[in-house]
Amino acid sequence: MSYEFPSDLKYTTSHEWVNLHDSIATVGITDYAQHQLGDIVFVELPTIGMVLEKESNAGEIESVKAVGELLMPLSGEIVEINEQLAESPELVNSSPFGDGWMIKIKISHAIEIDELISVERYKELVKSEEE
Amino acid sequence: MKSNITLIFEKGIDEELQNYIPEIDIEVADLKEIIPQALLRNDIPIPNVPEIEIVRHFVKLSHKNYGVDTGIYPLGSCTMKYNPKIGESVERLPGFSQIHPLQEENQGSIELLYNISKFLGEITGMDWFTLQPAAGAHGELAGLLIMKKYFEHKGIKKEKIVVPDSAHGTNPASAKMAGFSIIELKSNEQGEVPLDHLEYAMQGGDVAGIMLTNPNTLGIFDRHIKEITQIVHNNGGLCYYDGANLNPMLGICRPRDMGFDIVHLNLHKTFATPHGGGGPGSGPIGVINDLSPFLPEPCIISTENGLVCKESTDKSIGRIKSFWGNFGVIVRAYAYILALGAEGLLRVGKIAVLNANYLRILLQQKYKLPYNRICQHEFVISDKNMPNNITTEDIAKRILDYGIYAPTIYFPLIIQGALMIEPTETESKESLDYFVEIMNKIYEEAKENPELLKSAPHNLPVKRLDAVLAARKPVLHD
Amino acid sequence: MDFVPHDRKTIAEMLRVIGVADIEELFQDIPKDLIKEKLDLPTGLSEPDLFRHMEEISRKNKIYSSSFLGAGCYYHYIPSLVDFVISRSEFYTSYTPYQAEASQGYLQAIYEYQTMISRLTQMDIANASMYDGSTALAEAAIMTTLITNKKSIFMLEGIHPEYIEVVKTYCWGQNISIEITTEDKLLNQLNEDVAALLFQSPNFFGDIEDISKLVKYVREKAPNCLLVQVMTDPTCLGVIKPPGLTDIDIFVAEGQSFGISPSFGGPGLGIFTAKKKYLRKMPGRLVGKTKEINGTREGFILTLQAREQHIRREKASSNICTNQALCSLAALVYLLAMGRTGLKGIATQNFQKAHYLKSKIEKIPGYKILNTKPTYNEFLVNCSSIDSLIYQCKQRNLLPPLKISKYYPQMKNTALVCITEMNSKDSIETFIQAAQAALNNKAEG
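As you go down the protein sequences, you meet chains F, C and L in turn.
According to my numbering, the first sequence is numbered sequentially starting from 1.
According to my numbering, the second sequence is numbered sequentially starting from 1.
According to my numbering, the third sequence is numbered sequentially starting from 1.
Hint data in this document are derived by calculation from the structure and do not stem from the laboratory.
Quick caveat: nothing in here was measured; it's all calculated off a predicted structure.
Treat each hint with caution, since some may be false.
With a cut-off of at most 20 Å between alpha-carbon atoms, the simulated EDC-like pairs for lysine to aspartate or glutamate come out as follows [claimed, not checked]:
id: 1; chain 1: L; residue 1: K281; chain 2: L; residue 2: E314
id: 2; chain 1: L; residue 1: K32; chain 2: C; residue 2: E227
id: 3; chain 1: F; residue 1: K65; chain 2: L; residue 2: E314
If we strip away everything but chain F, and leave its shape as in the complex, we get (with noise of 0.2 Å):
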């Protein structure tokens, strides 16, 4: 199976890619994520203004077969949420990192940055992952 994986970005074990433009952080869930879980069906996303902790729970994603967390890359603030996905929570498995973006974070601790993966690194998970 061959997945998209943007060189772009950065990563997180959990399966998460981050988009970093300042102290904004958009963040989705990566293709090989997608593909494990099948047609999404629907997506619950945190409310705006919530405050978050690095790995804590900021949404489910759900499919007819499987459920899959999102789980917060950084710790930060809510500031914006993709709407689209409650009427078209297909297009996280179309376009996994463009229009299928989950949340924006406005990041509280720079240095957490640090913590996430590289691509590359990414790519060896998903292919140990694999195996």
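Could you slot chains C and L onto chain F? The hints should help.
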């Protein structure tokens, strides 16, 4: 475009049908005198349907359904064995079906509940039973609450339950409902619980116990079961037995002897009570003596005054259901035990295991069995290495085309594309041979004509249905 | 009796195919000291002997000619249609409809059941069933704590005492605190930390609560608090305003009155409904309508399974798996047979007969009806000697009303009387005779 479906609501007529209401034989007051206008409803949007239309509707629906009486129903871990018809006759005896749970003259029911407790005690080796739980999962909840109360009573804080990764989903869900968190143990290469990991998990000191089914959901009897229960006991924990897989063990091996402290049974599985559509069931739990004070009430005991309810204590976890339990289900299970007797029950386990291994040996010639060793009542096939990327779902849908029900799919989770097969002891050799024949045919089709499987089923009232649409845009009623 | 369809020759042949000498070899994984191979149980019976034995046991239960006992389990007329449908073995010997395409019959029936319940209650969504009214209420309580993230619930007095016990047990499992309160005390106690107010109407004592007043109060005082109503005899919905029209968030009921025999209290039927917005936190199975992936035909399928235990495991809001499906099929057939006319007729008769009986009882000196609110088919009667009344009823082959002190020891000499459309004028007159006799013959009680 007219739909292929006719809902019963379309069969209503404008007539005021009153076939099932007795004639009023007293002087009546107008409803408005009895109850304030503001409390009344205006209409009930429910049709009046003539009896013949109701009958034809459901007869037609029954033709679009499949039961054990239709053919083999090899759902793994569900023990879909034949439901003896005598069970239906006895359950409908007025002396059982017309009895109110709160009436005092109930010695027949009490005696039946007490007797079956004794029988289940003999089968499992447990000392005390409650028949209250309405299903296996309900029994699990009760059992876990008993564990919780037991430790609370001792003043010890225990917050975790150990569960193998092959466990049925109700196990961790029940643990959570009882306020515990889970430690999941990864099964080893033999499909069994790794003793060193268990030892490590127990050393934390905060584990209330372990939940296991044995044989497990791979159909394998864990050879180290006594060591497992010993490790848990040595570390101050309790052992819970999920009785869903008890069928092959009837009369051969008892959970008590394996070292379990609490056991639930699924009367609707092992004891052949019908549960069409998904229920009703009954999930009695048995416990060792030390845990009996914590059982939910009521609990029937034998005294010099006859059979009475055990006195209420504050050690009990309390009630988990109204009244006595699913009595109508228990009556059938009781009749089943009496019908089979000791020798019949012993035969159940032996033939269940014979039938499962017969299928296993024949199917492993073509299909991949991740644990291809002697199994107990069930075994698991994987879709790994199926030709042309055929999945378990494809296989299952094609099985339906041949007029039989597909086995359990995608469980246990630890096998890729699991297809879990449990024939039970009531399938004949012809029935099993037919199952093998179509499985072999399907394998050939997977090689030569995979599209046939990918687009199956073809021979049913509908083709493969869109589960994604159903979840994205739920339509739950008309 | 033996249901194994093999003869000895077949077994030998199968052993040969497997490659073992005898069946015992198939148990080689079991440690030798665990193998028991013996059961200390009676020898199996043939069908006639079994039937005779079961009949003998059943005769030790008394069947009365008429009943005045309710308290959570009710005698209503069950049309013959019901047994006919649930006895079709394609229905009753099936299981959970995992393979939708081969289970369209049962799936459609469950969908129709969900529709029927939704229409009857006017609630947005109904699930495929819970175990019974008491566990439905307990799971509703837990559901409200998941929705609101609060760990405290209030219960109004008047909920069936056994239901209160069950809710307490379930809530204890999850450290949810419970406060049992009255309508008066509620004024001062309700606050923003409460997940839900649970109440029963008609309640255990027979009273139909002033629901609009309760709802108004709760919505004003604690807008995030959910309202949960439970009903033990939902036949009253044939006449009274349904919960969907009174702003109830979650409505649950015991569905035994819909075509299920009393059967000593089980199996019953847990009816579970809620507002649409709570759909994803709802426990239990749900059947949805959908289409073929590659076609235009409609069909039915188990849906939103990602809520349930087999997918979510320890993250599931409920552990329920096996439910009361066959009982929900019975309820569907009952409600269809009755239709809107029948349901209204039955509910009306229950109201009228209770009203009539109350007026007769009130005329007997020494008897007092305690309810001040309107009632459905149950009410409280205070008498000079409840034991005498019970005795006199039994003498006349009437199943006596409930002695309330069973649950409320402080309420002495009080009976919970139940009357339904099954009570004829004769049975009512006999009951009145019993009541009068109880006054005169106190010594016999």
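Against the structure, the hints:
Taken as a hint, the K281 of chain L and E314 of chain L pair is honoured in the structure, with Cα atoms around 14 Å apart against an allowance of 20 Å. Note on K32 of chain L and E227 of chain C: the hinted pairing holds, with a Cα-Cα distance of about 14 Å set against a maximum of 20 Å. For the hint pairing K65 of chain F with E314 of chain L, the CA-to-CA distance comes to about 15 Å; that is within 20 Å, so the pair holds.
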